[in-house]
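Novice: So the chains spell out like this:
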Amino acid sequence: MEDKKKFAWLSYIIMGSAQIMKGEYIKGIFLLLVEILTIVFGIPYFAHGLWGIWTLGVTKYHFNEQGIAVYDHSIFLMLQGLTSIFLILIIIGIYIYNVKDAYRPKQAKKTTLRDKIDRNFHWIFMTPGILAMLFLIVLPIIFTVLVAFTDYSGPYHLPPRNLVRWVGLQNFKEIFGLKIWNQTLSGVFVWTVTWAILATITSFFVGLMWALIVNSSGVKIKKLWRTIFIIPYAVPGLISLLIMRLLFSGPGPINDFVEHLGLQRIGWLTDPHMAKVTLVLINMWLGAPYFMALMTSILTNIPKDLYESSDIDGATAFQKLRHITVPMVLLSTMPLLISSFAYNFNNFMIIYAVTSGGPVNPNYRYAGHTDLLISWIYKMTLNQQQYHMASVVTIMIFLMIAPIVAYTFTRSKSFREEDLI
Amino acid sequence: MMSTPTSTSQLKLVKNKKKLTVKDIILRILVYAFLITNTVFILFPVLWIIGSSLNPGDSLYSSTMIPKNPTFIHYKELFTKTDYPIWYKNTLKIAFMNMILSTILTTFNAYVFSRFRFKGRKAGLVTILVLQVFPSFLTLTAIYTLLMQLNLLNTHIGLVLFYAGAQIPGNTWLIKGYFDQIPKSLDEAARVDGATNFTTFTKIIMPLAVPIIVFLALTSFIGPWMDFILQSVVLRTADKKTLAMGLMEMVTGQTNTKFTLFAAGAILVAVPITILYAFLQKYIVEGLSSGAVKS
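In order, the protein sequence lines correspond to chains R and Z.
Numbering of the first sequence is given in the working numbering, commencing with residue 1151 and proceeding in unit increments.
Numbering of the second sequence is given in the working numbering, commencing with residue -19 and proceeding in unit increments.
Hints were generated in silico from the structure; no laboratory data involved.
We put the CB at the ideal spot given by N, CA and C, even for glycine.
Hints are supplied without guarantee of correctness; some may be wrong.
Selected chain Z positions facing chain R (Cβ under 7 Å, derived; list incomplete) [stated by the list, open to error]: (1) Val20; (2) Phe96; (3) Ile123; (4) Thr254; (5) Ile255; (6) Phe259.
A few chain Z residues that face chain R, going by a derived Cβ cut-off under 10 Å, partial list only [stated by the list, open to error]: (7) Thr44; (8) Pro47; (9) Phe98; (10) Ile108; (11) Leu118; (12) Thr121; (13) Phe178; (14) Ile247.
Please construct the entire structure, taking both the sequences and the accompanying hints into account.
Specialist: So this is what it looks like as C-alpha cells:
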C-alpha cells in the first residue's frame, strides 16, 4: 500500500494516474479523459474565450480578398468567455479532487459498481440540477449584469455589423444624467411603485370584504357564494386579461352600456389616467379571490372572546372591524402582502396583455403611460434593441426586489426549519 | 349596540327566531344586494366571452351577450381556418416536457438536500436561495444569445430547458421542506433491508410525497399555457407557435376581426384548465399552504 502512494505525485501532472495505479480504473480513466479533453479542446477554446471577454473582439466587419465576411462577434465572444470561466472553475474543482484522491489510501474492501454508485449517489443525483442552474440561471444573470457595462445597442453597436465595447459606468451616468432617460426612469418607477401598492391593497381589502360578508352568519348557502367568488382564480390569467382588454376597449360592451345610459364613451384604456384606474380595477377582479380564499381560514382563527368582550364594552360594528378584525388579519397576512407587492411590482402579464404599456407618452423614451419597469425592459430589449439600458434597469429591479423576497423567504416555514444562519 | 353581521344575527337568532327587526331586514337586504352585484361583476366577463363565442358574426361591434342565433361555427373554424390545432399541440407538448423535466430535476435536488449531509450543502442551499430572488425571465437577452449559440432558437426544447431551469431554485426549497417532514426512520429501515439510495427515493420518499409532487407537476404543466414572454423571444415561426402567442395575436392585432374566434379559442383553453384545477384542488391547497409563509 505504501508503495503505491509513491506514485501519488504523478497525479499532479497526469490526472487519474495514481488512481489507475491503485486499481481504480473507472475513476482513473475518467480523470485522464478530463485532462485530455481539456488540453485538446479546452485550452484553445478557453484562450479565445478569455481573450474575447476581455477585448470583446477587434476585427471589424469587413470582406476579405475572397469576398467572405470576416468579423468578431462581440456578444458571442462575451458568452464564450463566461462559459470558459465556468468550465475552468469546474475543471479546477475536478483537479483538486483528483490530487486529494490520489493521496487517499485504496479501499481495502473490494466494492461492487452498485456500491460505488450508491456511495456517490448524491453527487450523481444532483449533477443535472446543478449544471442546469449554473448555465441556465447563473450564467444569464452574470451576462445581463455585464451587458450593463457595454454599449450593446441598436442601431450602431449591434454585432455582427459592429463591435461592442466596454464602457464602464457610462450607461448608469446616462440614465441618471440625461433628461430623457432620467424622466422615463423616474416616471416609470413612480408608477411601478404606486401600481404595486394600489394593486396589492385593493385586492387585499376586496378579498377581506368578500370573506367577511360571505362568512357572516346571516348569509345562506355560503358554499355557493364562495364558489362564485373564487371563479376568477380558476380561469387562466392570460385569458381573463385578454377578455378584459376587449371588454374595456373603445367599441367594447362596457362602453356600449355607458352609451346606453346616455353618457359619452370613456377611454378606459386610451386615457392615461383612466387606463391606470382600469388596470387597478382589473387586477382587483383577478386578485381578490386569492385573498378571499386565504382570509376565510384566518377569520375563523380569530378568537371569539375578543368580539364578545368588545360587545360588552359596547363597541360598534365598525370599531370591531377596525380594532380587531383588520389588525388580526394584517398580522397573519403581512408576509403574503409583501410577496404580493413584489409580484405586482413585476406583473408584466397584466400590463402587456391589457394595455401593452399604452397610451404612448411622448415624454418617455420607449415607454408608455402604464408601462412598469419590467415591461419597459421588455420593450427596450425586443422592440428597440437597447440591451445596455435594459440591463441597467434590470440590475435596478434586482436590487429593489431582492431584499423584499429575501425578507419574506427567511420567514417561511421551510427556511426556518433549516436553521441556516 | 349594532355589531358585525356575524354576531348580531347570531344573537338575534337565539333571542327571537320568529321576529326580525326592521334593522335586521335592511341589513340582510344590503348584504344580499352586495353579494348579487358582486356576482354580476365576477360572472359578467365569463358569460360575455361564452356568449360571444356563439355569436354568428366575427366583430366586436355586432356581437351580443345572448346571441340571437347561436352557432358553433367559430369552434369549427378554429380547426379548419386557423393554426389553432398546431398551437394546441405545441402547447401540450411543451407543457408535458416541462412537467417531466421540472419534476425530475427538482425532486432529485430536493431529495439530496433533504437527506444527505455533505461538504458544501449549506453553501448550496444559500446559493439556491439567492438565485430564486432573481426573476430569471429578466435575462431575456442572455437567454436569446445562449439559445442562438446552442442552435436551440425556435425550438421547443430550448424553451423547456429554460422553463425547467428557472423553476429549480424556488421549487427545490418547497419540495425539500416537504421531504424533511417524512420521518428519516423510514429511510433507515429501508437501508437496513439493503435498499440503495435510489430505491429508497423511488419506493419510500416518492410515494409519501405524492401531494407535493402532483402540485409541482401541475404548476409546471400549467405554466407554459399562460407564459407569453419567453415564448415570444424563443419561438419564431408559425409552426412552433403556442396558444398563448396565438390568442394574444388574435386580440392585439391591428384589426380585431378575429374577435369571436378568439372567444371560442379562449374557452377551449380555459375549460380544461379550470376543470384540472377543480379536480386537483386538494393538492393545490396543500401545495400552496406548505409553501406558504409562517407568520
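Novice: All the hints need checking, so say for each whether the structure fits it.
Specialist: Right, here's what the structure says about each hint:
1. Val20: violated, 10 Å
2. Phe96: holds, 4 Å
3. Ile123: At 6 Å from the nearest chain R Cβ, Ile123/Z passes the 7 Å test, so the hint holds.
4. Thr254: With a minimum Cβ separation of about 5 Å from chain R (threshold 7 Å), the hint on Thr254/Z holds.
5. Ile255: violated, 9 Å
6. Phe259: violated, 11 Å
7. Thr44: Since chain R brings a Cβ to about 9 Å from Thr44/Z, closer than 10 Å, the hint holds.
8. Pro47: violated, 13 Å
9. Phe98: holds, 6 Å
10. Ile108: holds, 7 Å
11. Leu118: Status holds, d = 5 Å.
12. Thr121: With a closest approach of 5 Å, the Thr121/Z hint holds.
13. Phe178: holds, 7 Å
14. Ile247: Since the shortest Cβ distance to chain R is 8 Å, the answer is holds.
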